[in-house]
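Peer 1: Chain by chain, the residues run as shown.
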Amino acid sequence: MTGMNVAHSLLPLPPGTKAPDFELPSTSDKTISLTDFRGQPVILAFYPADWSPVCSDQMALYQEVLPEFQKFNAVLLGISVDGIWCHLAFAKDRNLHFPLLSDFEPKGEVARTYQVYRAEEGTSGRALYVIDAEGIVRWSYLSPVSVNPGADGILRALENLGEEGA
Amino acid sequence: MSTTGWGAVLTLPVAEDRDHIQGPADAAVTLVEYGDYECPYCGAAYPIVKQVQARMGERLRFVFRNFPITTSHPHAEQAAEAAEAAATQGRFWPMHDLLYENQRNLGDRDLRAYAEQLALDVELFDTELAGHVHAERVHQDFMSGVRSGVNGTPTFYINGARHDDSYDLETLLAALARGSR
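Just so you know, the protein sequences line up as chains A and B, in that order.
Going by the working numbering, the first sequence wraps up at 166, each residue one higher than the last.
Going by the working numbering, the second sequence wraps up at 1181, each residue one higher than the last.
In case anyone wonders, no lab produced these hints; they're calculated from the structure.
We put the CB at the ideal spot given by N, CA and C, even for glycine.
There's no promise every hint is true.
Listed next, the stretches of chain A that the computed footprint assigns to chain B, with coverage defined by at least 3 CB atoms under 8 angstroms from CB atoms of chain B [stated by the list, open to error]: (1) 42-51; (2) 129-140; (3) 147-159.
Pairwise CB distance ranges, derived in the manner of DEER restraints [claimed, not checked]: (4) ASN1105(B) <-> TRP85(A): 32 to 40 angstroms; (5) ASP1097(B) <-> ASP21(A): 35 to 43 angstroms; (6) GLY1160(B) <-> GLY16(A): 31 to 39 angstroms; (7) THR35(A) <-> ARG1181(B): 52 to 60 angstroms; (8) LEU1124(B) <-> GLY162(A): 38 to 46 angstroms; (9) GLN1140(B) <-> GLY16(A): 30 to 38 angstroms.
Using the sequences provided together with the hints, build the complete structure.
Peer 2: Here it is in structure tokens:
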């Protein structure tokens, strides 16, 4: 697969950073805040767009691996600039049963805050964060936009949380 | 199917007494595929792997592991368990081939028809499928893939290192030639 766009100059927030709080809609009548999950690990999966082939494969994989994430009591949140109705249709079509948050207005504000916004495309980059129970970034990774980063890095980061917390 | 920021390697080594293997243990190169029987890309890779095997003969050891993505493919898990049920009767590869040659027909009745076609003990086959006795094995395969950096199907490993390139015939043959001892 060619056309790997190395996300120039984007550098996700490094481990040790306090994860910036946010509040984003997941449905027409529900918003989700990062602080809702204080006390448990949170996985943020920023992705460019609902329906794109790589995003679809990545989210399907995460749905499949969700029980493994839950063994760490972790919550998985997908985030893109798509609107809530787009998210709902995408989630229904692809059988996704975790929240997809809409970073729609102001567009990409949360992605910008997490330093993974691709301004020229107007979408989020493909980035992963693992945030610990106290709200501190413990692992972050920005993938080339055409590459599905898989789930092994997330699982390793979740395991490291346990070891360091023990 | 391309590089992540860390090297992706097979975390569960190939084992002769566990894995489904074609080709000799001392082959020059080992190719592992993580696949989903309902995935169209795996279906497209199936005849390519056959051609690779025909070209390389005894120089290649080929291993297949299950990676059903049930979120997208509702029949993939049961098909994987059907192949494992055939394996308990010594017929893994014929079932593997039938499933890939009939990817669009993987319902329960289809699976049973394939078992009959392969002259399996169908009663035993049915019992194992109904009881999901091979679900644990399929899940072990799946998680070994997740931990090895499988990010979609098919994903290939050559001598334990993820093949982060196309799997068209020429590319795959060239990569296997480079990996050959």
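Peer 1: If a hint holds in the structure, say so; if it doesn't, say that too.
Peer 2: Checked hints:
1. 42-51: violated (count 0)
2. 129-140: It is violated, with 0 qualifying residues against the three required.
3. 147-159: holds (count 8)
4. ASN1105(B) <-> TRP85(A): 32 to 40 angstroms: 35 angstroms, holds
5. ASP1097(B) <-> ASP21(A): 35 to 43 angstroms: Distance hint for ASP1097(B), ASP21(A) is violated at roughly 54 angstroms.
6. GLY1160(B) <-> GLY16(A): 31 to 39 angstroms: 33 angstroms, holds
7. THR35(A) <-> ARG1181(B): 52 to 60 angstroms: 55 angstroms, holds
8. LEU1124(B) <-> GLY162(A): 38 to 46 angstroms: 41 angstroms, holds
9. GLN1140(B) <-> GLY16(A): 30 to 38 angstroms: The hinted range 30 to 38 angstroms holds for GLN1140(B) and GLY16(A), with Cβ atoms some 35 angstroms apart.
The structure shown violates the earlier hints numbered 1, 2 and 5.
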